[in-house]
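S.K.: Construct the entire structure; sequences and hints are all you get.
Protein chains: 2
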Amino acid sequence: MRYFITLSYNGKNYHGWQIQPNGSSVQETIEKALSTILRSDISIVGAGRTDTGVHAKKMIAHFDTDIEINTTELPRRLNCFLPSDIAIQKIEPVADDLHARFSATKRSYEYHLVTEKDVFCTETAYFYPGVLDFDAMNEAASKLFNYIDFTSFSKLHTDVKTNNCTIYEARWEQVSPSHWIFHISADRFLRNMVRAIVGTLLMVGTKKISVDGFCQIIESKDRCKAGTSAPAHGLYLTEVVY
Amino acid sequence: MRYFITLSYNGKNYHGWQIQPNGSSVQETIEKALSTILRSDISIVGAGRTDTGVHAKKMIAHFDTDIEINTTELPRRLNCFLPSDIAIQKIEPVADDLHARFSATKRSYEYHLVTEKDVFCTETAYFYPGVLDFDAMNEAASKLFNYIDFTSFSKLHTDVKTNNCTIYEARWEQVSPSHWIFHISADRFLRNMVRAIVGTLLMVGTKKISVDGFCQIIESKDRCKAGTSAPAHGLYLTEVVY
Numbered sequence: 015m016r017y018f019i020t021l022s023y024n025g026k027n028y029h030g031w032q033i034q035p036n037g038s039s040v041q042e043t044i045e046k047a048l049s050t051i052l053r054s055d056i057s058i059v060g061a062g063r064t065d066t067g068v069h070a071k072k073m074i075a076h077f078d079t080d081i082e083i084n085t086t087e088l089p090r091r092l093n094c095f096l097p098s099d100i101a102i103q104k105i106e107p108v109a110d111d112l113h114a115r116f117s118a119t120k121r122s123y124e125y126h127l128v129t130e131k132d133v134f135c136t137e138t139a140y141f142y143p144g145v146l147d148f149d150a151m152n153e154a155a156s157k158l159f160n161y162i163d164f165t166s167f168s169k170l171h172t173d174v175k176t177n178n179c180t181i182y183e184a185r186w187e188q189v190s191p192s193h194w195i196f197h198i199s200a201d202r203f204l205r206n207m208v209r210a211i212v213g214t215l216l217m218v219g220t221k222k223i224s225v226d227g228f229c230q231i232i233e234s235k236d237r238c239k240a241g242t243s244a245p246a247h248g249l250y251l252t253e254v255v256y
Numbered sequence: 015m016r017y018f019i020t021l022s023y024n025g026k027n028y029h030g031w032q033i034q035p036n037g038s039s040v041q042e043t044i045e046k047a048l049s050t051i052l053r054s055d056i057s058i059v060g061a062g063r064t065d066t067g068v069h070a071k072k073m074i075a076h077f078d079t080d081i082e083i084n085t086t087e088l089p090r091r092l093n094c095f096l097p098s099d100i101a102i103q104k105i106e107p108v109a110d111d112l113h114a115r116f117s118a119t120k121r122s123y124e125y126h127l128v129t130e131k132d133v134f135c136t137e138t139a140y141f142y143p144g145v146l147d148f149d150a151m152n153e154a155a156s157k158l159f160n161y162i163d164f165t166s167f168s169k170l171h172t173d174v175k176t177n178n179c180t181i182y183e184a185r186w187e188q189v190s191p192s193h194w195i196f197h198i199s200a201d202r203f204l205r206n207m208v209r210a211i212v213g214t215l216l217m218v219g220t221k222k223i224s225v226d227g228f229c230q231i232i233e234s235k236d237r238c239k240a241g242t243s244a245p246a247h248g249l250y251l252t253e254v255v256y
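Chain order of the listed sequences is R and Y.
Residues in the first sequence are numbered from 15 upward in steps of one, following my numbering.
Residues in the second sequence are numbered from 15 upward in steps of one, following my numbering.
These are calculated hints, taken from the structure and not from any lab test.
A couple of the hints might just be wrong.
To be verified - Below, in silico cross-link-like pairs of lysine-lysine (DSS-like), each with a Cα-Cα straight-line distance of 25 Å or less:
#1 26/Y with 26/R
#2 71/R with 26/Y
#3 104/Y with 175/Y
M.R.: Here is the structure:
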C-alpha cells in the first residue's frame, strides 16, 4: 500500500530535504522515525528537493508498506518522536501509481523579505534594508509568464533534460508595511530557480537593471547574467498539487 | 534632554529586560550600544521588566543626555550595532518629567498558544497539544474585570506596596485553526501575573476547575491555589500607553 505524508519543516537545522553524506536531512530524519515506529525499513520519496536552510509549509512525500497503518494514530506518534522543527499533518492511503515527485502537476513557493529589522523573522525571512521598487519588481515578475526556458535561473551542470517550466503565478504581495512575499507557482522548478529569480528581481528593485534588462537575462540563457541567489532562509515550499 | 526609545526584541537569548549579575539582558545590551555610539555613559529605564525569555513587540525606554542627537540617524546606527534580536523603531525627544515606567497608564500583553505542532512557532508560542475549551476560558477571562486584587497571580515576597490592578482587556482570540492569542491590558501588572493567569485559564480549559473555581482562586488571594505559570516564550509585551 502507498501512503502520502503531508508535512512541514523549519529548514534552519537541516542540510535540505534529501539525504546527504554529511549533515542531517529532513528525509533521513523522517525515514528513521517511521522505520523505528513501524519496525521496518521505510524509504520515503519527496515531491521535490529543498536546499539547505529552505523551509516547507507543505511538503508531500510517499512511502510503501504492507504493514497495517492507523492513519489517525501514526501522525500523532511521529510528531512525538520527531524534533520540534518537523511536523506531520496527515498520512493517507493513495493509489499505488501516484508518485509524490512525478505525479505532481504544480508546485508553489513563497519568498519572504522584510525591509525593516524584524526580531521575530531573523531566521524565516530575508532582511533587505533599504528602498525597493516593488512596482517594477512586479512588472518584471509578470514577464516570467512570457517564457518557458529558464536556463538563466538554473544551476549549472545539472542532469535535467530540459530547462522548460510553465509559470502559473509570479507576484509580490505586501502583507505588512515592511513584509513582502513573492508568490511563485509552476509545473516544475529547476534547482535554485526561485532564489535566482528573487535575486534578479532585487536587481530590478534597486534599479541596477530595468524590466527590459530582466527579460534580456532570461533570453540570454546565461546563468552568469542573473543576480546572486537570494538567501535560503526566506524560501518556503507551500503547496504541491496532483 | 530626555528621549523615548521604541523598540522590540526576541527574548529567547536574554535573561529578561533588566540588568542581571549573570547573563545578558536587553537593557544592558542597549545601554552598551548607546554608550558606545554616543561616547558617553547612558543608562536607560524601561516601561517594565520582562522575565527571562519573554518577548516584546513594543517596549518603551527612556534615557537622558545633553549630547545632540539626530533622531533619524541614531536608530539606524543602533540597529546596525545591535544583534538581530533587538530592533529600534524610533527615538524621540519627550518632556523631562515623562518617565518610561512611572508615567505609563496602560500596558498590553499577548500570550500565544498553538494546539497543533507548528514548526515556525517553536520559540515564539506555547505548544499545548490537546483539546481546550476556549469558550470557558473566555468566560473565566471576563471575570477578571470583576476584581482588582490579584495577589493570587503575583510572585510571593515581592516588594510592591499593592497587588491592585485595573484590567482593561482580557480575551482569547483565534487567529488560525490552531493558533490562539490571549490579549490582556491593565494599568499595571504584578510580576509573573500574565503567565499565572494563562496557566490558571488552562486549568479552566482542561476542565480541571470551573469558571466559579477560577473566581474562587482570585478571591482566595493565595498564589498556591493558582495554576502553574505558562512558559515564558509564549508571552509578548505589545503596547505601553502614556
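S.K.: Determine for every hint whether it applies to the structure shown.
M.R.: Okay, the hints, checked on the actual structure:
1. 26/Y with 26/R: The given pair, whose Cα atoms are some 16 Å apart, holds under the 25 Å limit.
2. 71/R with 26/Y: Holds, at about 23 Å.
3. 104/Y with 175/Y: The given pair, whose Cα atoms are some 33 Å apart, is violated under the 25 Å limit.
Checked against the numbered hints above, the structure violates only hint 3.
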